[in-house]
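Asks: Below, each chain spelled out in residue letters.
There are 2 protein chains.
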Amino acid sequence: MRVVLRSKVLQSNEQAAVANRELFGKHGLAVINMMSSPGSGKTTILEQTARTLQGEVKIGVIEGDIQSTLDAERIASSGAEAVQINTEGACHLDASMVAAAVQELPMSELDLIVVENVGNLVCPAEFDLGEDARVIVLSVTEGNDKPLKYPVMFRQATAIVVNKVDLIEHTDFDRAALEQDIKDLNPRAQLFWVSARTGEGIGEWCEWLKRRVAIRRGSAAGV
Amino acid sequence: MRVVLRSKVLQSNEQAAVANRELFGKHGLAVINMMSSPGSGKTTILEQTARTLQGEVKIGVIEGDIQSTLDAERIASSGAEAVQINTEGACHLDASMVAAAVQELPMSELDLIVVENVGNLVCPAEFDLGEDARVIVLSVTEGNDKPLKYPVMFRQATAIVVNKVDLIEHTDFDRAALEQDIKDLNPRAQLFWVSARTGEGIGEWCEWLKRRVAIRRGSAAGV
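Here the protein sequences come in this chain order: A and B.
All letters in the first sequence, in the order written, are residues 1 to 223 by the working numbering.
All letters in the second sequence, in the order written, are residues 1 to 223 by the working numbering.
Check the hints yourself; a few may be wrong.
Intra- or inter-copy, both count: the list cannot distinguish identical chains.
Stated by the list, open to error - SDA-like cross-link-like pairs, simulated, lysine to any residue; straight-line CA separation at most 20 Å:
# : residue 1 : residue 2
1 : Lys149    : Gln84
2 : Lys26     : Arg211
3 : Lys58     : Arg217
4 : Lys183    : Ser68
5 : Lys210    : Asn86
6 : Lys149    : Glu88
7 : Lys149    : Glu73
Hints were generated in silico from the structure; no laboratory data involved.
Between the sequences and the hints, there should be enough to build the whole structure, so can you do that?
Replies: Pasting the structure below:
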């Protein structure tokens, strides 16, 4: 039987995250850790993002799932480079999984790596992957109470993408309450309102990604 | 620093679950462990259930959340007895948390206890709470691919409640594909199609709960 001490796990993750961050820095890569509940629409947002930024930003996607390669297949057909990690039961990605996956991507040809974490609003928050931004996707059909119920993750977010706004009129989602809760929890978080289905708001989100890529390119060139 | 061995955690959970099951059996209580992604509508289903079964089935609800008492307040106002567990970071409920919470409920007056687990399709699957049925709530807005992506949890389900069917026409949810995937993964699982908002299908779900309560009452009387 394999026994792993929790404190050791987090410590060794921290070391792997530092190594990832160095590697990404060396390649001038912007790296996003994308987290959400299952079914919030991360993959559909990424498909739209890859199509919108085609020819401008070269994207690699690391797909984290407990099982199946459904998401990586979808991403690959949208034109981005895709690698699938199957966690075989684990409820989150860790930095060493990302370190292994990234070897399968042509890093020197890429501008941006998006890591699509396992669908889970709790456990991934504890594991630094070496990313430079954390993005949470929340769909309006999940309700506006999620930041108060999962504050650890929402407090860490660099950006929050509220998806499925095309469905908002069919739900009880309170947009003003969500904005107030984010303001209280994490006022610096960038907030985007999008519909990956209709394309609404995807342009603004892609502009933000382009700015992050430009900053990273600049700092890599400056070294 | 507190270090907990994973194997010990699961072993001690197993012991606590056995004790819970004995206690519930002694009181002739049906106990449901309800699991889902965040925002699938578990609490709204429970509010509707409590209203529908008022006067027929006495329900106690144990609300599991990382933080906040939002859900317990909602349940209490629908007429059921409610206790809130705050897991303070933990991504699932365990049997000892349920053992503590259940002491706050008037067990001898109840017929049914519903444990609303932390919103998470991964980690709660590993922790037996002493329940006699596991129910998964999946909302159509999450997409029909969830059983293939989270097979451990779906394989264990006694029943699967597909919620938000009032929104199905606004989504790409493939009802036939979901039914086929459930048939392949877990053919004995009972499947309900409901809308907690409109009340559609709630009657059938409540009938199923009533049958479970009747069976439990019968077996407690037979002892």
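Asks: Does the structure break any of the earlier hints, and which numbers would those be?
Replies: 5
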